[in-house]
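S.K.: Here is how the chains run, residue by residue.
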Amino acid sequence: MRVIAGIVRAISGFNWLVGNVFSWLALAIVVVCFSVVVQRYVFSTTQLWMQDLYVWLNGAMFTAVAGFALLRNDHVRVDIFYRPASVPRKALVDLIGVLLFLLPFAWIVYTYGWNFVARSWRIHEASPNPGGMPGYFVLKSFILVFAAVIALQGIAMLLRSVLVLAGREELLPSQLRYENQQETH
Amino acid sequence: MDPVLLGEILAGLMFFGVIGFLMLGFPVAFTLAGVSLMFGLVGMWMGVFDPSNFGSLAGRYIGFMTNEVLVAVPLFIFMGVMLERSKIAEQLLLTMGKLFGDLRGGLGISVIIVGTLLAASTGVVGATVVTMGLISLPAMLRAGYDPKLASGVICASGTLGQIIPPSTVLIFMGDMLSGINAQVQMAKGNFAPTPVSVGDLFAGALLPGLLLVGLYLGWMVFKAIFDPASCPATPVPEAEKKDLLREVVVALVPPLVLISAVLGSILGGIATPTEAASVGAVGAMVLAAFRWRLSPRIVREAVISTATITSMVFIILFGASVFSIVFRLMGGDNLVHEFLSQLPGGTTGAVIAVMAIMFLLGFILDTFEIIFIVIPITAPVLLNLGVDPVWLGVIVGVNLQTSFLTPPFGFALFYLRGVAPNSVSTGMIYKGVLPFVGLQILALALLFLFPDIATWLPRWIYS
Amino acid sequence: QGNQTWRMVTTWPKNFPGLGVGAQRLGDRITAASGGRLTIQVYSAGELVPPLQSLDAVIEGSAEMSHGAAYYWQNKSAGLSFFTGVPYGMTSRELSGWVRYLGGQEIWDEIYDQFGVQGFLSGDTGNQAGGWFRNELTGVSDIQGLRFRTPGLGGRVWEKLGASVTNMAAGEIFQALQSGTLDAAEFVGPYNDLALGFYQIAKNYYFPSFIEPGLATELVVDKAKYQALPSDLQAIIRDVCQAEYDSVAADFAANDPRALQTLVNDHGVQIRQFPDEILEAGANAAKEIMEGLLSSGDALTKKTAESFVSALNVVRQKTEGTDSLFIQAREKYFHI
Ligand code: NA
Ligand code: NA
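Protein chains in written order, with our numbering: chain A, 1 to 185; chain B, 1001 to 1463; chain C, 2001 to 2336.
FYI, nobody ran anything at the bench for these hints, they're computed from the structure.
Idealized CB from N, CA, C, for every residue including glycine.
Certain hints may be false.
From the structure, some residues in chain A lie toward chain B, with a derived Cβ separation under 7 angstroms [unchecked claim]:
| id | residue |
| --- | --- |
| 1 | Ala26 |
| 2 | Ala69 |
| 3 | Arg77 |
| 4 | Phe81 |
| 5 | Leu95 |
| 6 | Tyr112 |
Kindly generate the complete structure, drawing on both the sequences and the hints.
M.R.: Written out as structure tokens, the structure is:
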């Protein structure tokens, strides 16, 4: 059980780190998009690669932080029955959800995305827009990053459910326990 | 059994299956994808679904990840979060409260005006209900307001952000409707379709949004005249009034400048929504800096909120893609087409049916899930029947806003419940919003009778 | 082996004049010619995948065929641009000369072999229009800072001429022009452009398109599945593509002039020619780009460019030495 709690902590720590790093892309989007606007409207000039850059940053950001958002319980739930449920019941829902929905989804994205991404690396695919950004394969890789971060966080959720159902939730640090899970909107 | 029929039956079952499983309470994005995969598996066994179709998932995802129009979403979210952190809402509520406090119903009117200003300067909902619930609800209760009226006016004004542009919901809807409209018109042989854009939808939603504001204000005035006990005046001490004019100017000018810069440049056709949103995001940072609220900690909180909210919304889109691949390729499109085109009442009947479904879904699902599931499968049929895309987008927006106000499951009610004092019972909140739900329905009826309320402004601007 | 159904994804909207219609007709012709043994189910842009993901859909196996333009995939292999058309490159007749008889198809196959697919020429718009401009152009100085919509290598040419270039989807161009986000835009030619209503905003319609001498469409098929077909079905696909290359070109040949007449007579559009200074500067920019491709570090791209240039120097002898002289003479002396 302690090992399980350790894994939950490690995964959550990893996604916390990824989330905290990649969230800063939000600021980068603002800065790059704003400079494209200034260039276009003030200086009547343009850099084709910058028109790609801020769009790509958004794609990288929202895929990379998906696991962090799951850790923070930011992903919307239908909570008519979930919100008032007891902790073991919530744990059971999460257990079933991860096994039946989340992991198969991550697996499908991984299975059907792998070749798509690998091929892009092989040919060092650049932006579809001539004059655009190099390294399209890096952006495409974020599809797999997405599958990985949600699968990992899903496993953490699943293990947490196991701890709860085994009556050992206290092995988790308090911010990872159900009582401190923030309510969704 | 005929495989076509079998596929359609499975697609139909899948729609209800998804809704059923969503009730479990597992995050929507993953439930949507997971249940669709299960039905895809069943379809494969029965020979009505080819799993190689999942090969298009990665392509769809990279499509979302490189969609320029949708970058307006994180930008507007960032702008909204930044404004929230610079406490503009608080300042507005306090000064407006002083300005109108002397009047009967004045506090209610100030809540509506502030709600409108906030709605026009950010693209996110939720925060507004919470802020007003924290600041204005106690003030109104102290002033002796009927808690029902106070709750109702806060919930209604706080959800205006969804319909008054800029709005993240309208961005997604504009992006979808623009593609669907082009497809439908070309398929009908109209090669010069008037293009529909996010800008059109923003323009189309402006007057209906203001119509709602007008109805709310009218209701407050009505209450002030015929039920004065429900919304008494609160005399403001002379001392507090001394600097009032200056305070009002200070509180009002920044949001007004931002609104005119952002909305003005979009509606005036100077900039695209994404370009304008980046200006708004920078403007919000500048405002925060002027208020000494641009610390590294606040910026860090803002980027984390922006990134996680954006991720949450786009990942629902990812999940909804799995749903739409399975649904479409099992023949669900035909099913919807047959269902909608055989309803009594023709086009109007079809629109009303879709609105009713969305309204009901609004009790359990959030805006984004509803539009990502329902718009792609119903809008092609409705637009093919001749429904105006801008009008459709606007009534969907108003309809969903209504649904979020409607007891017992409306989301706005949950937000307010979360911050309201215990003296305000849940039952009071429910009763309080009912008149506003009535006003929403009145607005919807007006939109049906006079579609020009939504379509006139975009027509006028872009001609 | 019984009857099969293949999915064809396309980069065109349904019923899009010339191109979308051509894709649908191509599918229908295969279905009809095979007597229903090979039914082609055509999906328009965005129905199954976003338009620019069509090739990937075939490679990933979620479609058997894709109808589009090879230059959309220039980021997978720069040489693919040549099979659609490059600035100052080949006309449609010249292009099919290169592809069929001067080694083009072999190189194209070599490029697509890496992805397990095979390409066939399947249509051509002929020379396109140069673009819609709000203001008249007197020289290169008028291009500085001009906000212009044009995709592909043509976009890079215009960028070198000083324009601020954006690529924008068809549905967005009109409003961007109207709102002033764009000063000018280039799309296809009169047949398609009339439909998009650009004449309402920009009245100066410039010819010729030196960046798009033509736009050859391609049909891409999953190579393994293609080779597994009985030889008669393989022949049907190949020959229907060849027939369609002609049908699409004929469609544009017949309808571009009629649409242009409507634009001029009913909508007051001014037909203009690019000033020589722009044509020459454009040619120099195109040469720079071509030289870049000729010295590409990627062997296959270099080989494609070399084959293209040497074929161009063959086929242009007939086009410029014979056809063009005749056209000039006919224009000058023969009107009935
Ligand atoms: Na708003
Ligand atoms: Na073109």
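S.K.: The structure should be examined with respect to each hint, and the outcome stated for every one.
M.R.: Each hint tested on the structure:
1. This hint holds: A:Ala26 has a C-beta 4 angstroms from the nearest C-beta of chain B, less than the 7 angstroms allowed.
2. Given the 7 angstroms rule on beta carbons, the hint for A:Ala69 holds: about 4 angstroms separates it from the nearest Cβ of chain B.
3. For A:Arg77, the shortest C-beta to C-beta distance to chain B is roughly 5 angstroms, which falls under 7 angstroms, so the interface hint holds.
4. Below 7 angstroms, beta-carbon pairs count as interface contacts, and A:Phe81 has one with chain B at about 6 angstroms; its hint therefore holds.
5. Checking A:Leu95 against chain B by beta carbon gives a least distance of about 10 angstroms; that is not within 7 angstroms, so the hint is violated.
6. Among the interface hints, the one on A:Tyr112 holds; its C-beta lies about 5 angstroms from the nearest C-beta in chain B, closer than the 7 angstroms criterion.
Against the hints set out earlier in the document, a violation occurs for number 5 only.
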